[in-house]
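Novice: Here's the letter readout for the chains.
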Amino acid sequence: MGGLHTPVLDAARTATRTPAARASAVGGPRAAELSAAGTSGRTTLVHRLPAEAKLLAHLAFVLVVVATPGIWYWAFAAYAALLGATAVATRLRPGFLLRRMGVELPFLGFALLMPFISAGERTTVLGLSVSVHGLVAAWTLLAKATLGVLASVLLAATTEVRDLLAALRVLHAPDRMVQIAAFMVRYLGVVQGEAHRMRVARDSRAFEARHLGHVRVVAQSAGALFVRTYERGERVHLAMLARGGGDGPLPLTTAPSTAAAPAGVAAVLPLAALAVLLAGLLLGRMS
Amino acid sequence: MTASLEVSGLAYSYPDGHQALFGVDLTVDPGERVALLGPNGAGKTTFVLHLNGILGGGLGSVTVGGLRLDSRDKKVLREIRRRVGIVFQDPDDQLFMSTVREDVAFGPANLGLTGAELDERVEEALGAVDALDLVDRAPHHLSLGQRRRVAIATVLSMRPELLVLDEPTSNLDPAGRRDLIRLLESLPITMLVVTHDIPFALELCPRAAILSGGRIVADRPTGELLQDEELLHRHRLELPFGLDPATAGRARPDRLL
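Chain order of the listed sequences is A and B. Numbering of the first sequence is given in the working numbering, commencing with residue 3 and proceeding in unit increments. Numbering of the second sequence is given in the working numbering, commencing with residue 1275 and proceeding in unit increments.
Hints were generated in silico from the structure; no laboratory data involved. The structure displayed is predicted, hence computed values, not measured ones. Some clues are possibly wrong.
[Unchecked claim] In silico SDA-like cross-links for lysine to any residue, where the CA-CA straight-line distance does not exceed 20 Å:
1) A:Lys146 x A:Ala83
2) B:Lys1349 x A:His216
3) A:Lys146 x A:Leu114
4) B:Lys1348 x A:Ala211
5) B:Lys1348 x B:Leu1385
6) B:Lys1349 x A:Arg212
7) B:Lys1348 x B:Ala1383
8) B:Lys1348 x B:Gly1331
9) A:Lys146 x A:Gly136
10) A:Lys146 x A:Pro108
11) A:Lys146 x A:Arg101
12) B:Lys1349 x A:Ala211
13) B:Lys1348 x A:Glu210
14) B:Lys1349 x A:His213
15) A:Lys146 x A:Leu283
16) B:Lys1348 x A:His213
17) A:Lys146 x A:Leu65
18) B:Lys1348 x A:His216
19) A:Lys146 x A:Ala89
20) B:Lys1348 x A:Asp205
21) B:Lys1349 x B:Ala1383
22) B:Lys1349 x A:Asp205
23) A:Lys146 x A:Val134
24) A:Lys146 x A:Gly111
25) B:Lys1348 x B:Gly1386
26) B:Lys1349 x A:Glu210
27) B:Lys1348 x A:Phe209
28) B:Lys1348 x A:Arg212
29) B:Lys1349 x A:Phe209
30) B:Lys1349 x B:Leu1385
31) B:Lys1348 x A:Arg201
[What the hints assert, rightly or not] Far from chain A, by Cβ distances over 12 Å, these chain B residues were calculated:
32) Glu1280
33) Gly1283
34) Leu1300
35) Ser1335
36) Asp1393
37) Glu1398
38) Asp1407
39) Gly1419
40) Leu1457
Don't be surprised by glycine CBs; every beta carbon is placed ideally from N, CA and C.
Isolated chain A (complex conformation):
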């Protein structure tokens, strides 16, 4: 029930009309979740590291993990220990980290299938005939994905989104990519709010998803939401053009939100992981 009847940019109107607190209570945009939920009220050394240092450290760590042969089980144990120590240093609640790691679940499902569908030499585990090759592949996927996801969750939970975007810019990530990420962050709440209002309007007309046929209705809503989001994108672009922008990089001004700790500290995790990998290589050479 906005009092603004001027045809200003729709996005701005929607934003003013929906105070975050009220909307989140109705299950609408959860803008609060975007502002690095884990950082609220806490600052550890990890939180204070410059975002670009953390981003590089994360990338390097993941590369080391991916480069490690799947059968070096001890190396993965070492990586897990290193990451675990980092997690402890962030003082984030384990429950929070576990919930965030839920995004990995679909991949785990795939990993569980691999021992059964892979070909080659077979062995018996718990009375089930499985492929040895598939078993190793599943383990590799599981270990590498879990380490990667946990590292990403730690990065996301200890860094403000706007700092991450600024870091991508500092590191000369492709500008288009950074812009798309920035817009996603900006409009996620707006689109969530839109989806929520559409759902309320739909339920108000006695809709309940009772059987599979109702998938069509949900799909139609999703389609309508897509079209509207696309149209909003066009309006936003017009509004940018109207203010003389829209075809170059966005003039972002970002000040670091927290006092920075020495960037070198961020190198500890990937360097330690690299040491593990090199040790493995040396041992392999000697034996």
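Given chain A's structure and the hints, the job is docking chain B onto it.
Specialist: Only chain B this time, still in chain A's reference frame:
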């Protein structure tokens, strides 16, 4: 006579602790058209979402045509949602199927209607808002005024007992606004109109209530209520420049009763 809508002692606070409604009482009799005025943040949307059980769980009761809303009873909930037709502020929230026909049929189809009966409902509802010619158009190709009319048809097709309109005039041009007033006046149905548009309320609704700070603070004939400048001022409402409710009322004497 059973009231179309009877709300008593309705209180609600959001899960985050913010209390929006502090005991709202409002009764609307069959055939009445009542305007609900109030400043931003007064709890109007929260109140509207209680009328068909989208929100609930606080204190107080909502009774529609004698049926008491109980959001735990699915049957009652569905019947209440049939009886209370809410037209939301942004028609785009309401229209999401690929054609107007499908959208108008959406509500009655959810109620189990099919075939000829369903077609009849669609025609009846679109006829009532004078939009029969739009039946096979795609909603996103319509003008705002047309979308608003179709949005009203999408709830009329459920033959509601009470029509609730949330800011129906927002963003309409003067001619679209005029058409909307004429359309709403022609509908023989009980109406609760939530609005900031005071001339609109004065013209359409003989009775008006002010919701402010989560309470009904005034409930009187519209013309009389709008003449109480002090009351309006206290609740962050304002007459548009040049509007004198006394003379406006004289032009339409039925409004001052």
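Novice: Are the hints correct? Go through all of them and say.
Specialist: Hints, verified against the model:
1. A:Lys146 x A:Ala83: Distance of about 14 Å is within 20 Å: holds.
2. B:Lys1349 x A:His216: Holds. Lys1349 (chain B) to His216 (chain A) sits at ~19 Å (cutoff 20 Å).
3. A:Lys146 x A:Leu114: Holds, because 14 Å separates the two Cα atoms, which is no more than 20 Å.
4. B:Lys1348 x A:Ala211: 13 Å, holds
5. B:Lys1348 x B:Leu1385: Judged against 20 Å, a Cα distance of about 12 Å means the pair holds.
6. B:Lys1349 x A:Arg212: 13 Å, holds
7. B:Lys1348 x B:Ala1383: 17 Å, holds
8. B:Lys1348 x B:Gly1331: Satisfied, since the Cα-Cα distance of roughly 15 Å is no more than 20 Å.
9. A:Lys146 x A:Gly136: 15 Å, holds
10. A:Lys146 x A:Pro108: Holds, at roughly 15 Å.
11. A:Lys146 x A:Arg101: The given pair, whose Cα atoms are some 18 Å apart, holds under the 20 Å limit.
12. B:Lys1349 x A:Ala211: Holds, at about 15 Å.
13. B:Lys1348 x A:Glu210: 10 Å, holds
14. B:Lys1349 x A:His213: 17 Å, holds
15. A:Lys146 x A:Leu283: The hint holds at about 18 Å.
16. B:Lys1348 x A:His213: 16 Å, holds
17. A:Lys146 x A:Leu65: 10 Å, holds
18. B:Lys1348 x A:His216: 18 Å, holds
19. A:Lys146 x A:Ala89: 17 Å, holds
20. B:Lys1348 x A:Asp205: 12 Å, holds
21. B:Lys1349 x B:Ala1383: 16 Å, holds
22. B:Lys1349 x A:Asp205: Between Lys1349 (chain B) and Asp205 (chain A) the Cα gap is close to 14 Å, so the pair holds against 20 Å.
23. A:Lys146 x A:Val134: Satisfied, since the Cα-Cα distance of roughly 18 Å is no more than 20 Å.
24. A:Lys146 x A:Gly111: 15 Å, holds
25. B:Lys1348 x B:Gly1386: 15 Å, holds
26. B:Lys1349 x A:Glu210: 12 Å, holds
27. B:Lys1348 x A:Phe209: With a Cα-Cα distance of about 11 Å, the restraint between Lys1348 (chain B) and Phe209 (chain A) holds, given a limit of 20 Å.
28. B:Lys1348 x A:Arg212: 12 Å, holds
29. B:Lys1349 x A:Phe209: Holds: Lys1349 (chain B) and Phe209 (chain A) sit about 12 Å apart, inside 20 Å.
30. B:Lys1349 x B:Leu1385: 11 Å, holds
31. B:Lys1348 x A:Arg201: With a Cα-Cα distance of about 18 Å, the restraint between Lys1348 (chain B) and Arg201 (chain A) holds, given a limit of 20 Å.
32. Glu1280: 20 Å, holds
33. Gly1283: 21 Å, holds
34. Leu1300: 17 Å, holds
35. Ser1335: 19 Å, holds
36. Asp1393: It holds; Asp1393 (chain B) is separated from chain A by about 18 Å at its closest Cβ, greater than 12 Å.
37. Glu1398: At roughly 16 Å from the nearest Cβ of chain A, Glu1398 (chain B) sits farther out than 12 Å, so the non-interface label holds.
38. Asp1407: 22 Å, holds
39. Gly1419: Answer for Gly1419 (chain B): holds, closest chain A Cβ roughly 14 Å.
40. Leu1457: 20 Å, holds
The structure shown violates none of the earlier numbered hints.
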